[in-house]
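Trainee: Letter by letter, the chains look like this.
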Amino acid sequence: MSCTVTMTVNGKAVTREVEERTLLVTFLREHLGLTGTHVGCDTSQCGACVVHVDGRSVKSCTMLAVQADGTSVTTIEGLAAADGTLHPMQAAFREHHGLQCGFCTPGMVMSAVDLANTHPNLTEADVREGLEGNICRCTGYHNIVKAVMAGAEAMKSGTTQKVAAE
Amino acid sequence: MATATGIGASVRRREDQRFLTGRGTYTDDINRPHQTHAVMLRSPHAHARIRGIDTSAALKAPGVIAVLTGADMAADNVNGLPCGWLIHNKDGSPMKEPPHWPLARDRVRYVGDQLAVVIAETREQAKDAAELVEVDYEELPPVASIRAALADNAPAVHDDVPGNVCYDWHLGDKAAVDAAFAQAAHVTTIDLVNQRLVPNAMEPRAAVGEYDAATGDHTLTTTSQNPHVIRLLMGAFVLGIPEHKLRVVAPDVGGGFGSKIFHYAEEAIVTWAARKVGRPVKWTAERAESFLTDAHGRDHLTHAELALDKDGHFLALRVATQANMGAYLSTFATSIPTYLYATLLAGQYKTPAIYAEVKAVFTTTAPVDAYRGAGRPEACYLIERLVEKAAHEMGIDKTEIRRRNFIPADAMPYQTPVALQYDTGDFAKNLDLALPAVDYAGFAARKAESAKRGKLRGIGFATYIEACGIAPSNVAGALGARAGLYESAEVRFHPTGSVTVFTGSHSHGQGHETTFAQIVAERFGVPIENVEIVHGDTAKVPFGMGTYGSRSLAVGGSAIVKAMDKVERKAKKIAAHLMEAAEADIEVKDGRFTVAGTDKSVGIGDIALAAYVPHNYPLDELEPGLDEQAFYDPKNFTYPNGCHVCEVEIDPDTGVVKVERFSAVDDFGRVINPLIVEGQVHGGLVQGIGQALYEHCVYDEDSGQLLTGSYMDYCMPRADDVPSFEVNWHEDQPCTHNPLGVKGCGEAGTIGAAAAVMNAVVDALSEHGVTHLDMPATPERVWRAIRQNRPAMAAE
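Line order of the protein sequences matches chains A and B. Going letter by letter, the first sequence gives residues 1 to 166 in this note's numbering. Going letter by letter, the second sequence gives residues 1001 to 1796 in this note's numbering.
Hints are computed from structural coordinates only; laboratory data are not their basis. As the structure is a computational prediction, the values presented were derived from the model and not from experiment. Glycine included, C-beta positions come from ideal geometry on N, C-alpha and C. Treat the hints with caution; some may be incorrect.
Here are the in silico distance ranges between beta carbons for each label pair [as the list claims (entries may be wrong)]:
no., chain 1, residue 1, chain 2, residue 2, range
1, B, N1089, A, H31, 52 to 58 Å
2, B, G1525, A, T123, 43 to 49 Å
3, A, G11, B, D1599, 54 to 60 Å
4, B, D1713, A, D83, 44 to 50 Å
5, A, T62, B, V1656, 27 to 33 Å
6, A, A13, B, G1625, 49 to 55 Å
7, A, H31, B, G1477, 47 to 53 Å
8, A, R16, B, P1542, 42 to 48 Å
9, B, E1131, A, V14, 29 to 35 Å
Some chain A residues well away from chain B (every beta-carbon gap over 12 Å; in silico) [claimed, not checked]:
no., residue
10, T15
11, V53
12, V58
13, D69
14, A91
15, A92
16, H119
17, L131
From just these sequences and the hints, can you work out the full model?
Mentor: As structure tokens, this is what we get:
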């Protein structure tokens, strides 16, 4: 059974024919070749697949591509500016060594951006609780928390463009 | 002198650019033209005879190209997956090594054991078709645990392995230990479980096999920590492909923690199948498959006794451990509970006599092998629990009892009674630094304050030492290893002065692209952005043993230093020629080569150019080029050590344990990049805390089914389960036997943390008469332990 889905991904309109059972994460990775979004589990817990759908974080493994029809999706590839300047949250993760193997990182960063967008005064406890849905096995979370706090500050004070990459 | 990009600098990582922008290349990201997709058919039974496999319906399913079984592999003379370490029994006979077929032939031995591979145009088609394969299973009784394996009349997991015993090994001096126990003023006994864990790197395993019929070249892309080891094992032992016709590539790998060291069946299956179907074959595990089939860790049952004199000095240690190998021997499985465990049983102490017996058994569960720490967390947990139990029983302060027994710094190098010789270490100093860091003096007041709020508070220590920087090849070989454990490096200067370093180490989170570059940048004064580190491809890096056992800097980094030494020797000759001076008069500092006593100098960049454009060059004495390779075989293990302290608060009504503070003081020898070292410690600490409080891989005793088969049932530590940490180290005790003076840091956090947490938990519960609690200290276990001595409380 297949159907047509249309959505905006990282600022670009895309239309594809997909099987109805196609997950959004599969659509992104395999149909659009955007492999930055990762699959880490099969029970919707690990968060490696987090993207933004209409500005809010969503686990793309738990959403069908057809459910995203007509929406605007941002993946990790669309976070940095068109000229390659890192988003403040990305820059903060690098500065504070908030990643090691990098596999959980795209989902972690996307969750963190949404957390910062929706919580004007994040505390360490807010960050730890807010990232309950993102599992990391490498960092022990210590530096991720530092990065998110710093990234949130930078988002407040600096430029906050979420411009789509090409 | 530290520069901004040299040794000791917290250089931000080069690899972050691609990881942060979603441009990493993990194995599942790779797609080859005309590729096919493989799905493994896995046994739903813990133990069964395969009476027949009917693939006819599956073969007719849409998109299916092939359905291959163990019989097809047997017809192609595919061999079993090898075990890389031969252990001998007490009587000198060799261990039992039953075959481990990549696709099961006549029997399956754990839930998840693969017996067929379905290859189709798409993954969905392969999955759909796999459900149409009909297998006639004759179920056999499961053997789901160590106890089940060793029970009288236990079913045999392998028919030619009596009593399910793989080996019965020992180390140490039984007579000396028995004599010491006879003199002991006090004996502390403990029975403990080091529970089975699932490593759960966030990237599931994946493999892509390719075959070029025109050239006969095979390529395997795989989520491995050591592509050269896979090439050796799979090429030489399983598929019979010579090295020069087999390329193994481990691209970006999303975490390993040991679980991606081993040569897995799926690697051989896709490599073999690619040749059979004539198209690339791609396989990616689902998380459920990772739970079922990634090598698990730990799984020991131990009975141990510590003999002490009246002043709390340790006289002897006696240990009997039973270790679970799982259904088949994974690559290094046999070495973990023997040479990586028993040899660490002296810990940081002068205990003069030690005897350890280890019995390894087969069960109908997933194979068990190295998982971060690999044997050393098991040793540390045992010793440090015994030490604090003894301190409690004898009424001696837990830090004082350690001080009385520490090996003093001036006794180094120190030969332990369990084979290893420690090179350096100041254990008392670690403790001295740890006590104020965690405000040990203020603990009593904090405990009283917790009590006012109805909470229990405890503090626990773990003073650990470990052996890593694996390993001196001759020693390892004498102990049964079937491979060498050197490392290789090639340092290649390019004509315009940039450098490429080819290393046999592999980075799957450790940041080598940055830290290895720091070493080169510092030595030769080359800007760090001009130093490129290449790893993970056997076509580019000729040899290597990979990254595990905290060895990459100690062994891989040392190989780079040796290669740089060769570069420097040659560069000096070139410099002497360029400056018309004697080679003996050339002094080298920060990449500048100066004629002693003058201001005549040339930089490494000019030397490199001269080497590749040899117009003014001593061609009759020296070849052009500036490109040197070195191998480094370590002279000894390295011995990182430290003191971890954990403070917990427990709610007696719910049993919930909260880690309030955790302080680590470590000795890693010389530190190259402090930011990265801290990150390694943080990650290790959380895995140790995970074992202590949250994680447990459980098989059902009656059916052999894996009950904890997903993140719903297996509790991974999440950000709100753990605190931030206090991490410190000192560099006063560099390693004496490698050129960098480094000891390694990748596993230390995991080695000390579980013991420190459990000592704190038991300390908190001691007022309720609890003297031991097995991991994980879940709320239920804690709640029950509190009430086991207080029936009235249980009734509330």
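Trainee: Taking the minimum C-beta separation from A/V58 to chain B, is that value above 12 Å?
Mentor: Non-interface label stands for A/V58: nearest chain B Cβ at 16 Å, farther than 12 Å.
Trainee: Taking 43 to 49 Å as the stated bounds, is the beta-carbon spacing between B/G1525 and A/T123 within them?
Mentor: The hinted range 43 to 49 Å holds for B/G1525 and A/T123, with Cβ atoms some 45 Å apart.
Trainee: Determine whether the non-interface label on A/D69 survives the test: each CB of chain B must be over 12 Å from its CB.
Mentor: holds (20 Å)
Trainee: Using the C-beta atoms of A/T62 and B/V1656, is the stated range 27 to 33 Å upheld?
Mentor: holds (29 Å)
Trainee: Are A/H31 and B/G1477 spaced within 47 to 53 Å by their CB atoms?
Mentor: At roughly 51 Å between Cβ atoms, B/G1477 and A/H31 fall inside 47 to 53 Å, so the hint holds.
Trainee: Beyond 12 Å on every Cβ pair: is that true for A/L131 relative to chain B?
Mentor: Non-interface label fails for A/L131: nearest chain B Cβ at 4 Å, not farther than 12 Å.
Trainee: Taking the beta carbons of A/R16 and B/P1542, is their distance inside 42 to 48 Å?
Mentor: Cβ of A/R16 to Cβ of B/P1542: about 44 Å, so the range 42 to 48 Å holds.
Trainee: May I ask you to check that A/H119 keeps its beta-carbon over 12 Å from the closest beta-carbon of chain B?
Mentor: Given that every Cβ of chain B is farther than 12 Å from that of A/H119, nearest at about 15 Å, it holds.
Trainee: Mind checking the hinted window 44 to 50 Å against the Cβ distance between B/D1713 and A/D83?
Mentor: holds (46 Å)
Trainee: A/G11 and B/D1599, beta-carbon distance inside 54 to 60 Å?
Mentor: holds (58 Å)
Trainee: Against chain B, does A/A91 hold up as non-interface, every C-beta pair farther apart than 12 Å?
Mentor: At about 8 Å from chain B, A/A91 fails to clear the 12 Å cut-off, so the statement is violated.
Trainee: Hey, is A/A92 genuinely clear of chain B, shortest beta carbon separation above 12 Å?
Mentor: Violated, since 10 Å does not exceed 12 Å.
Hints 14, 15, 17 from the list above are not met by this structure, while the remaining hints are.
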